[in-house]
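J.: Below, each chain spelled out in residue letters.
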Amino acid sequence: MTADKVQYQPSDEVDFVIIGSGAAGGILAKELSSNGFRVVVLEQGPYLTPSDFSHDEIKVLQEDLLTNHPKLQPNTFRKTPDEKAKPQRALVYGRAVGGTSNHFTANFWRFHEIDFVERSKVGVIPGTTFSDWPFSYAELEPYYTKVEWEVGVSGLAGASPFDPPRSRPYPMPPLPTKSNGVLFERAARKLGLNPFPAPMAILSQPRAGRSACVNCGFCLAFGCEVGAKSSSLASMIPLAEKTGHCEIRPNSYVHKIELDSRGRAVGAVYFDAKKTVHLQKAKAVIVSANGAETPRLLLLSASSQFPNGLANSSGYVGKNLMLNSGGISLGVFDEQLNDYKGFAVSRILHDFYELDAQKVGFYGGGGLDARFDMTPINFAAGGGLPPDAPRWGKKFKEAIAHNFTRTVEVFSHGTSLPVENNSFSLDPELKDAWGLPALRMTYKDHADDIKLARWLNEYGLQILDAAGAKQKWTYPIEEQQFAVHLLGTCRLGSDPKTSVINADHRTHDVKNLFLCDGSSFVTSGRGQPTMTIEALAFRAADRITALAKRGDLNA
Amino acid sequence: MPETDCPSSVPFDRRTFLTRGAAGLSAAWLTAHWPAMVSAATHAHASAASPNPAKFEFFKPEEAVEVEAIASRIIPSDETPGAKEAGVVYFIDRALVTFASDSQKTYRAGLSEVQEILAEKFPAVRKFSAATPEQQDAVIESLSQDNTKKPASRRNRPNVGVQPFFETIRYHTIAGFLIDPDSDRRGNRGGVGWKVIGRDAGHVFQPPFGALDKDYSGWQPVSSEKK
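As they're listed, the protein sequences go chains A and B.
Residue numbering for the first sequence follows our numbering, beginning at 1 and increasing consecutively.
Residue numbering for the second sequence follows our numbering, beginning at 1 and increasing consecutively.
I should point out that these hints are in silico values taken from the structure, not numbers from a laboratory.
In this text, a Cβ means the ideal position worked out from N, Cα and C, and glycines have one as well.
Some chain A residues flagged as far from chain B (calculated, every beta-carbon gap over 10 Å):
id: 1; residue: Asp132
id: 2; residue: Asp163
id: 3; residue: Phe362
id: 4; residue: Asp432
id: 5; residue: Lys451
The following residues of chain A were derived to be distant from chain B, with all beta-carbon distances above 12 Å:
id: 6; residue: Val117
id: 7; residue: Trp149
id: 8; residue: Ser167
id: 9; residue: Pro171
id: 10; residue: Pro307
id: 11; residue: Gln358
id: 12; residue: Trp434
id: 13; residue: Pro437
id: 14; residue: Glu458
Derived lysine-lysine pairs resembling PhoX-like cross-links, with alpha carbons at most 20 Å apart:
id: 15; chain 1: B; residue 1: Lys127; chain 2: B; residue 2: Lys60
id: 16; chain 1: B; residue 1: Lys84; chain 2: A; residue 2: Lys395
id: 17; chain 1: B; residue 1: Lys55; chain 2: B; residue 2: Lys84
id: 18; chain 1: B; residue 1: Lys195; chain 2: A; residue 2: Lys394
id: 19; chain 1: A; residue 1: Lys511; chain 2: A; residue 2: Lys281
id: 20; chain 1: B; residue 1: Lys84; chain 2: B; residue 2: Lys127
id: 21; chain 1: A; residue 1: Lys394; chain 2: B; residue 2: Lys84
id: 22; chain 1: A; residue 1: Lys549; chain 2: A; residue 2: Lys283
id: 23; chain 1: A; residue 1: Lys84; chain 2: A; residue 2: Lys444
id: 24; chain 1: A; residue 1: Lys283; chain 2: A; residue 2: Lys511
id: 25; chain 1: A; residue 1: Lys121; chain 2: A; residue 2: Lys359
id: 26; chain 1: B; residue 1: Lys195; chain 2: A; residue 2: Lys395
Please construct the entire structure, taking both the sequences and the accompanying hints into account.
T.: Written out as structure tokens, the structure is:
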């Protein structure tokens, strides 16, 4: 820590306390502190730096260097509300300064225009709470552009005929093309499709004092040692700290939002590293703790004023969880592709972004990408080999020796429908290491999501076939029980009965309490949420700044 | 004799990653990060270069012999190095006092189970490590049939908690063979596991990466007459 970094006392009433330092929290911290406000960011995880990152797969994937730890923070899972939830690791999220943006794949697709108005176009879908967003793509477009230029996204504007309008090209050319990208592009074109260079939040050129990607190959799930991956840690947090009035306070686990007798937020109550409790006072509170921890914090903050959980007059806090559907097809090729080098993805396609429900028989749409994102142990032990491959012995060794450099994955990413029963809530029995109620996840995919995943996965196989795969297979599509994308659990909307926050990200119930992260989503998009989380955060920062400047947070 | 690690003479340690990577970095980035990089490189280098421990931290020497024999059937040594040359037994030994301490009982019970299967199938052979490779494979085959647990799906994290012995030692053998050789976990000695699977040593690569991007001429829009 350098001496010039500001430190506040919990008793200092700062302008904003932001809970969470990830994709949304990092941007809000940078924007609000740049606008002159005093900000404290409370992050439950540690403040790691690139020198703490590691290519040790045990440390990262098993000891959860960057992520929530199942022993400290156990959770439970059930499919439907009538079941008793059982302890089971059901979700993973970033738990360090930078949050989930430290370890994401960095696929940075914008949402398309349809994503914001799809309910109006498609109509009612039974069993869902399918709704339009309270604003359009056009409203968010300048903020997508801001993400690309300020956080750092590589890509090629105009390369996809399905791309929504944009006001500026990408600030950097696409990353290099991988061999699986070449295979995918040739095969998809043979099938009459429109593959294009993947927009990625990874620097293809040095920028803003950060290195370009060095193609180390430990990307998905790992932190970037050279700062090329555009995490909040690499991009936004240093700028926030540089303003001189933003403090990032790690190891600070917020478990309650404190209110005054008028029902106004006065600050956030947290455990420090020694489990001592503090109240950080603030004029307004912003929760960007992710789509699981944001609703959990509101539910933990229940009081006599808000017996069902804070800001939960709609009953929607924690509900309408969406994970994105999708699947993985794999193929083995004769050529040595060496796709273990570099970032994960270099080609994607959006031809199936909007499938015709009349034709396919279900609602949905998605994208496909070609990638290889498996690190060596993960590949050999965790499912990189075909299902009929030997699991030990000489033949096993031969299989890993041959396939590691010759395997391609085609990932499909698609819509999830919002279903009210799908949720994060507080487990009535299980507690975390701090004695707080654990997260309980309830999730059962809507039937259309399963149909979509199967449809896209089959198409992935067709592409692998057209690419000349010598062997190909898919992981079976099953109902999801493991969450990575955590979306929709405190949704945006103009009707306080069916949403938790308004278009300014202000909770309908508490005037100086704002929420912004994946929980804000109304629909799921097609599987790459972080770009939109970040665009929302830039927009929310503008809205909150305007409200604060006209005194609307104090009245 | 297994190839001993000589990370200072082969170009795939972490120091090389960091210093070679630095060549392409901006001056501003270097100024900001150089001290941390040097410190990380020095630390990683030191841990990679330190010799094997004189003693095992968990296994008795006679247990280590059996564990190494089992691991050597999971990833055998043939024309190329296997679990033995990669030092997998040292990796497992350390694992059992660190991230896999939950599995200590599984190993002790598993080694007894292996002896039982051996006694049943080959009563004349006293120890698994003394059996012929064919006999050993027959024992492992039987051990691996004891359970029908599906391997964890790739997108999930590795299973934590207690797993059957075969699954446990299988995972640990693979991990000990393929772990980043610059980590301090004592596996993948000399980077031999990465060599076997065709992963080039090092952590900094430049395109072209593989057979197809080498001759790729660059992205072109689909021509309008084709549409």
